[in-house]
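Peer 1: Start from the sequences and build out the full structure, keeping to the hints where you can.
Residue numbers (this note's numbering), protein chains in the order written: chain A, 5 to 341; chain B, 105 to 406; chain C, 421 to 839.
Rather than coming from a laboratory, the hints here were simulated on the basis of the structure.
You can trust all of the hints, since none of them are fake.
Just a few of them, taken from the derived set where beta-carbon distance is under 10 Å, the chain C residues facing chain B:
#1 636
#2 648
#3 675
#4 676
We put the beta carbon where it would ideally sit given N, CA and C, even for glycine.
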Amino acid sequence: MTRFHPFVRAALLAFAAFCGFLLVGAISPGTWLLDTLTGLFAAGLLVMSLHLLIGYTGLISFGHAAYYAGGGYIFGMVLQTPAFVAACGPWSVPLATLLAFCGTGLFALVVGSICARLSEIYFAFLTLAFQMLFVSIIQGLVYYTGGDQGLMGGIPRPAFLGLDLVQARDRYAFSAFLFVAGVLAVRLITLSSFGASLRMVRDNERRAAFLGVNTYLVKVLAFTAAGSIASLGGVVLAVFTSAAYPEWASWSVSGEAIFMIMLGGLHSFWGPLVGVVAMRIINDLTLLYTTHTEMAKGLAILFVVLVLKRGILDWLADWRKARHAASSAKEQDHAAP
Amino acid sequence: MLDLDALLNCFSATSCLVTQTSTGIIIGMLLFLVASGVTLIFGVLHVVNFAHGAFYMIGAYTAWSAYNATGSYYLAVLAGALSAAVIGIVFERLAISRVYKENLLMQLLVCYAFVLVADDAVKMIWGAEYLAMGIPAEFRVPPYRFAGGVVPPFYVFLVATSLAVAIACLLLIRYSRFGKIVRAAAQNASMVSVLGIRVPVYFAALFGLGCALAGMAGALAAPVRSMTPGMGLSILIDSFIVTVIGGMGSIPGALLAAILLGVTRSFGSLGFPLFVDGVMFIMMVAILVFRPQGLLGERAPR
Amino acid sequence: MTVSYRTGLSRRTFLSAAGALGAATIGAPSILRAQGSTIRVGVPTILSGRVAILGETASIGAKMAVDAVNDAGGIDGRMIELVIRDTKGKPDEAARITRELISADGCQIILDAEASGGAFAVHEVVRDTGTYCVHSISETSSLTADPANAAHWIFRSGRQGIHDAIAGGLYASELAKEGVKRWATCSPDYAYGRDTTAEFMEFLTIFAPDVKLVGETWPKSFQPDYTENITNLLNLAPEALYTCLWGGDLVAFFDQASLYGLFDQFQTVAVNMGDAPVLEAIKNLPAGIHSGNRYHKDIPDSEANENWNEAFRKSGKLPTNWGWQAYTGACFVIEALRAAGGDIDRDKLAEATRGRTIDSPLGVSGTVTMRESDNTLVDYALGYGKTISEEPYLTDFQPMAWDVIVEHETEWKKRKGFI
Numbered sequence: 005m006t007r008f009h010p011f012v013r014a015a016l017l018a019f020a021a022f023c024g025f026l027l028v029g030a031i032s033p034g035t036w037l038l039d040t041l042t043g044l045f046a047a048g049l050l051v052m053s054l055h056l057l058i059g060y061t062g063l064i065s066f067g068h069a070a071y072y073a074g075g076g077y078i079f080g081m082v083l084q085t086p087a088f089v090a091a092c093g094p095w096s097v098p099l100a101t102l103l104a105f106c107g108t109g110l111f112a113l114v115v116g117s118i119c120a121r122l123s124e125i126y127f128a129f130l131t132l133a134f135q136m137l138f139v140s141i142i143q144g145l146v147y148y149t150g151g152d153q154g155l156m157g158g159i160p161r162p163a164f165l166g167l168d169l170v171q172a173r174d175r176y177a178f179s180a181f182l183f184v185a186g187v188l189a190v191r192l193i194t195l196s197s198f199g200a201s202l203r204m205v206r207d208n209e210r211r212a213a214f215l216g217v218n219t220y221l222v223k224v225l226a227f228t229a230a231g232s233i234a235s236l237g238g239v240v241l242a243v244f245t246s247a248a249y250p251e252w253a254s255w256s257v258s259g260e261a262i263f264m265i266m267l268g269g270l271h272s273f274w275g276p277l278v279g280v281v282a283m284r285i286i287n288d289l290t291l292l293y294t295t296h297t298e299m300a301k302g303l304a305i306l307f308v309v310l311v312l313k314r315g316i317l318d319w320l321a322d323w324r325k326a327r328h329a330a331s332s333a334k335e336q337d338h339a340a341p
Numbered sequence: 105m106l107d108l109d110a111l112l113n114c115f116s117a118t119s120c121l122v123t124q125t126s127t128g129i130i131i132g133m134l135l136f137l138v139a140s141g142v143t144l145i146f147g148v149l150h151v152v153n154f155a156h157g158a159f160y161m162i163g164a165y166t167a168w169s170a171y172n173a174t175g176s177y178y179l180a181v182l183a184g185a186l187s188a189a190v191i192g193i194v195f196e197r198l199a200i201s202r203v204y205k206e207n208l209l210m211q212l213l214v215c216y217a218f219v220l221v222a223d224d225a226v227k228m229i230w231g232a233e234y235l236a237m238g239i240p241a242e243f244r245v246p247p248y249r250f251a252g253g254v255v256p257p258f259y260v261f262l263v264a265t266s267l268a269v270a271i272a273c274l275l276l277i278r279y280s281r282f283g284k285i286v287r288a289a290a291q292n293a294s295m296v297s298v299l300g301i302r303v304p305v306y307f308a309a310l311f312g313l314g315c316a317l318a319g320m321a322g323a324l325a326a327p328v329r330s331m332t333p334g335m336g337l338s339i340l341i342d343s344f345i346v347t348v349i350g351g352m353g354s355i356p357g358a359l360l361a362a363i364l365l366g367v368t369r370s371f372g373s374l375g376f377p378l379f380v381d382g383v384m385f386i387m388m389v390a391i392l393v394f395r396p397q398g399l400l401g402e403r404a405p406r
Numbered sequence: 421m422t423v424s425y426r427t428g429l430s431r432r433t434f435l436s437a438a439g440a441l442g443a444a445t446i447g448a449p450s451i452l453r454a455q456g457s458t459i460r461v462g463v464p465t466i467l468s469g470r471v472a473i474l475g476e477t478a479s480i481g482a483k484m485a486v487d488a489v490n491d492a493g494g495i496d497g498r499m500i501e502l503v504i505r506d507t508k509g510k511p512d513e514a515a516r517i518t519r520e521l522i523s524a525d526g527c528q529i530i531l532d533a534e535a536s537g538g539a540f541a542v543h544e545v546v547r548d549t550g551t552y553c554v555h556s557i558s559e560t561s562s563l564t565a566d567p568a569n570a571a572h573w574i575f576r577s578g579r580q581g582i583h584d585a586i587a588g589g590l591y592a593s594e595l596a597k598e599g600v601k602r603w604a605t606c607s608p609d610y611a612y613g614r615d616t617t618a619e620f621m622e623f624l625t626i627f628a629p630d631v632k633l634v635g636e637t638w639p640k641s642f643q644p645d646y647t648e649n650i651t652n653l654l655n656l657a658p659e660a661l662y663t664c665l666w667g668g669d670l671v672a673f674f675d676q677a678s679l680y681g682l683f684d685q686f687q688t689v690a691v692n693m694g695d696a697p698v699l700e701a702i703k704n705l706p707a708g709i710h711s712g713n714r715y716h717k718d719i720p721d722s723e724a725n726e727n728w729n730e731a732f733r734k735s736g737k738l739p740t741n742w743g744w745q746a747y748t749g750a751c752f753v754i755e756a757l758r759a760a761g762g763d764i765d766r767d768k769l770a771e772a773t774r775g776r777t778i779d780s781p782l783g784v785s786g787t788v789t790m791r792e793s794d795n796t797l798v799d800y801a802l803g804y805g806k807t808i809s810e811e812p813y814l815t816d817f818q819p820m821a822w823d824v825i826v827e828h829e830t831e832w833k834k835r836k837g838f839i
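Peer 2: Below, the structure written as structure tokens:
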């Protein structure tokens, strides 16, 4: 594998993953696995894009769900415009997805360029304030957004490229594509030289600035990229529920996304996805015995934070490192009699 | 959507002005009581207590039980504050104290976990349905009227209590021995502990005090709000707005911001009912962008 | 908490949640269960938060109907199993859970017990998946009245806002004749609140043209503090107030408004006041509030209703409007299954439901009908009365005749362009 450039490797891996998902879709008997995976795709896009900020840039955003919901709303509202669907015909869905991606990116750009001036807790609060502002705008513009009620009346989804998104399998394939594309984008960013700047800003912002990195610009760009990738998660959710709801932008969604990243591991690329799956397993295991899933989640968080003090993948990595160190120490003992 | 006429009419009628202004102060003082705990804990311990809403809930539920057991509203408020303080101290010792040195994320997660656990625990103990306490008999009296405006005696009591608490807290932190030690310890814990002072005890006590304020607010408001598990969430958001606008760590700032928000709410509900929340968030954004330390905050942003 | 997901793994839990039903299924002779697989009916509803009582009493109502059938041997030997799920009252959760009920839990029938916000979300899902569905709780008229929302396999087994609006408008126009002309409204800010309030005012002005709307205020659902809305009403100084707040929100609003002596200053029509748990939760219920009947043990004053009321109270809960509506929904599902011979084909069930009249203790004359033209329930007991501070809480009840309601409803539909 080392023969390939890391970018090519990532792209090949993504292609293989996409084919794997399609295979699962083709052989899965019922639709529940597909629907479950679709839900995980949406959550996965949210946390992977947030990971770009929290894990790679060191920006703690409390308001990431706004972009997630933003994608769903733009996608839904564009497709609910009869003129748009009439004009674009079979290309409506891809175009609406693109619009959601770009529109949310623009929104994130504006918010990001205001927020990136602040640091730490003030940055966190400002992103939170923008998220709440976004929710109250959705709720205020009842005529356009349906207010508290969410986008009503269903989202028309004309078939394209032989995909009819009303069908569970087609919807699943479309969601899998967006998911793989989004994760690939995050991967490429982290592998690129821009990704290196992000890590430098995270580790020592002053030093980065001293070395000639425009740290403000780096942060704004990271924020924009993360926002637009999160919007794809919202598109998946909008396709899945045939609507969009203000709850998607609630701060508990942002909070839970942060937790899933921490649960899976803040310092490894795949950590957040492990977190999404682990959260789901905690939830389902609890439901076997009791309906008190929140209690179980809360206790799991306390365990991770206070006992493990790091996420699952980070803990595994440390554990392996420790074992490796121990065994090599032993070897040295043998080697030096 | 916009109803500026209603707003202008109100400004030209004293009865309306009196009622709306007093409403603003009432809403504001209740907000302040919760927010003062957040700002107190942040100001001294530099911990953002995201679990504050949970203590508000604990206070309200305990008060409900105490009121039903004793029939006394005042005892119920005391019970609410005490229970929140005790649980707060336990929480501080077992969890928060371990993340004082960690970054913001760890603090957030511990608090978030506590909120989840507390919500479910309340659901197990008191049930998922709403509970209502009802107005205590001594406050079931006709409202006061002056200059055509209407002010209920119960709210006068709430405002007076909140104000007394605010002044007491300020005096405690600024001038008492306890306040001085806690502030010194927050600056340099090892130096203070060298003087033979058990710093963790003081930190726990201060955290407990902040939680007691939240619990007291919950208990005070219990007669007029139906209680549910998870009721702390909306109050938490409001108290963050107050804390940020007033200046994180500044109690007078929190008081000013709370009243500002209360008045915005009461007049906004006449003039721009759909965007009252929006205006509050815009105020918060504007403060963070142009004056991150808040209206009366002293600390420069890091 | 929106980004968490449940799988089919959870279905075992809900056997226990299905309570008596679970016991009945386990207790039934195993030979019966072996004869045919169970018919699973998915019930998305609200079991937590400020309106948990909605889901709890709706579940009890649905279980009453299903238990009776299962105890009598099921439908051609097939048992009916209710799969009840908590949506926390959030529309997005409702959409997700309904999908899971269909795809993961194998429910071919959805008995929707969601409030309006969630009901529209459930509606989109069952339209998308083409699943037979009976909405039992949402009263928003447009859910079934607007042809844009219609699907021939989706029904409503509860009140419809427009029916209450016509009855309420007529009732309130009597007040107007006594000189109550200036009206204000205070209703929750979402589809149900806005539609129902607009419909009420529309009919009030039709029946009493000299009535004037002096102002309105729209609290958010689950708003903790209503002070700003209350003082707003004080400033408007109306002669009467209309509100369709409900459940815990109505209780909180009443407690807070009493502080301002609001109910001494004008007449109040609170359409959702009449539910027993609300009436009992409000300490010092003001007398003379005008309310719809919701569910009341004496309306209709029949033996069947009395028996139903007693059977419901055995669950330990007080019967609510939601209880009877979910009960009626379950009855329609059962009758449709019977008529289709246990077949769960969507179109056969829909065919068997449309236009069906069933015996019901809640019917004005012992029956209720699923109207053929718009898949919605008619002939249920409906009217307005006044509160008093102790049992039976509601007096001076004035029932509304259905021919009058239907006549005005038809005109309303024409005005709206629905027919």
